[in-house]
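Modelling step: build the complete structure from the supplied sequences, incorporating the hints.
Under our numbering, the first residue of the sequence shown is numbered 1, with each subsequent residue one higher.
No lab work stands behind these hints, which were simulated from the structure alone.
Possibly wrong hints are sitting among the right ones.
Unchecked claim - Lysine to aspartate or glutamate pairs mimicking EDC-like chemistry, simulated, CA-CA at most 16 Å apart: (1) Lys-169 <-> Glu-103; (2) Lys-195 <-> Glu-158; (3) Lys-173 <-> Asp-100; (4) Lys-150 <-> Asp-110; (5) Lys-165 <-> Glu-189; (6) Lys-165 <-> Glu-212; (7) Lys-60 <-> Glu-212; (8) Lys-169 <-> Asp-100; (9) Lys-185 <-> Glu-212; (10) Lys-165 <-> Asp-110; (11) Lys-60 <-> Glu-189; (12) Lys-195 <-> Glu-70; (13) Lys-165 <-> Glu-70; (14) Lys-185 <-> Glu-70.
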Amino acid sequence: MAQPQLNGATTAPPFRRRNRNPTTANCILGLICKILTTIIIIAAVAGFLFWLIVRPNVVKFRVTEASLTEFTYTNNTLHYNLALNITVRNPNSRVGLYYDSIETTAFYHDARFASQNLGNFFQHKKNTTVLSPVFKGQQVVPFSEEQGKKLNEDQGSEIYRINVKLLLKVRFKLGLFKTGKVTPKVRCELHVPLKSRNGTVSGAGFQATGCEWWIH
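Structural data, given as structure tokens:
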């Protein structure tokens with residue numbers, strides 16, 4: 001027998017999920033992409049105009065003096081005393097440089113044995129600055145068999161093949177405009193004669209050597 005309906009009762013309409021409008025999401029995503037593309041284009045154009053106007057020249061690093069008074073290796077320990085004069089030439093007539101950090105590291109046939117932080121300074125346009133790192137002390141350096149052979153060769157000639165690397169944090173200044181930090185690297189491949197106790201050196205002495213600079 002059919003059940004009678006209650007007076008005043010109503011039947012609820014079926015629940016329907018609201019579908020999100022994909023058009024709105026696509027519009028927002030497209031707007032974000034356009035903004036990012038515009039920023040990239042503006043930055044690229046600004047960088048190109050900066051280069052076009054300034055035409056910056058590469059900063060020149062050169063080791064002009066090197067004094068090696070100790071370089072002995074016993075019981076896997078290297079004893080060393082190396083002093084350098086490095087000239088840094090900014091040849092640009094419009095650009096100054098902020099050196100926020102200069103870390104110098106000395107290597108003997110790829111074996112790191114000493115490092116020194118030279119602090120920070122500002123270099124004016126058309127200016128030459130002299131850096132004078134000193135590496136002195138002792139360091140445990142387990143040389144490989146090949147490195148040991150190279151050491152024997154250098155001890156025979158009393159001229160040591162030492163590489164010095166500089167890791168820089170630099171900002172460029174043009175008028176009131178300053179760039180963000182870049183991290184150039186400098187590599188100096190040196191042939192340094194050992195100085196005797198009376199101050200004499202083998203051969204013609206140390207020859208001033210230019211260094212390689214690159215930005216990565």
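These are the hints, each one checked on the structure:
1. Lys-169 <-> Glu-103: Roughly 9 Å between the alpha carbons, so the hint for Lys-169 and Glu-103 holds.
2. Lys-195 <-> Glu-158: Distance of about 9 Å is within 16 Å: holds.
3. Lys-173 <-> Asp-100: With Cα atoms ~13 Å apart, Lys-173 and Asp-100 stay inside 16 Å; holds.
4. Lys-150 <-> Asp-110: holds, 12 Å
5. Lys-165 <-> Glu-189: holds, 9 Å
6. Lys-165 <-> Glu-212: Since the Cα atoms of Lys-165 and Glu-212 sit roughly 10 Å apart, the hinted pair holds (cutoff 16 Å).
7. Lys-60 <-> Glu-212: holds, 8 Å
8. Lys-169 <-> Asp-100: holds, 5 Å
9. Lys-185 <-> Glu-212: With a Cα-Cα distance of about 8 Å, the restraint between Lys-185 and Glu-212 holds, given a limit of 16 Å.
10. Lys-165 <-> Asp-110: Holds, because 11 Å separates the two Cα atoms, which is no more than 16 Å.
11. Lys-60 <-> Glu-189: Answer holds: Lys-60 to Glu-189 is near 15 Å, not above 16 Å.
12. Lys-195 <-> Glu-70: Since the Cα atoms of Lys-195 and Glu-70 sit roughly 8 Å apart, the hinted pair holds (cutoff 16 Å).
13. Lys-165 <-> Glu-70: Distance of about 20 Å is beyond 16 Å: violated.
14. Lys-185 <-> Glu-70: violated, 27 Å
In this structure, the hints that do not hold are numbers 13 and 14, in rising order.
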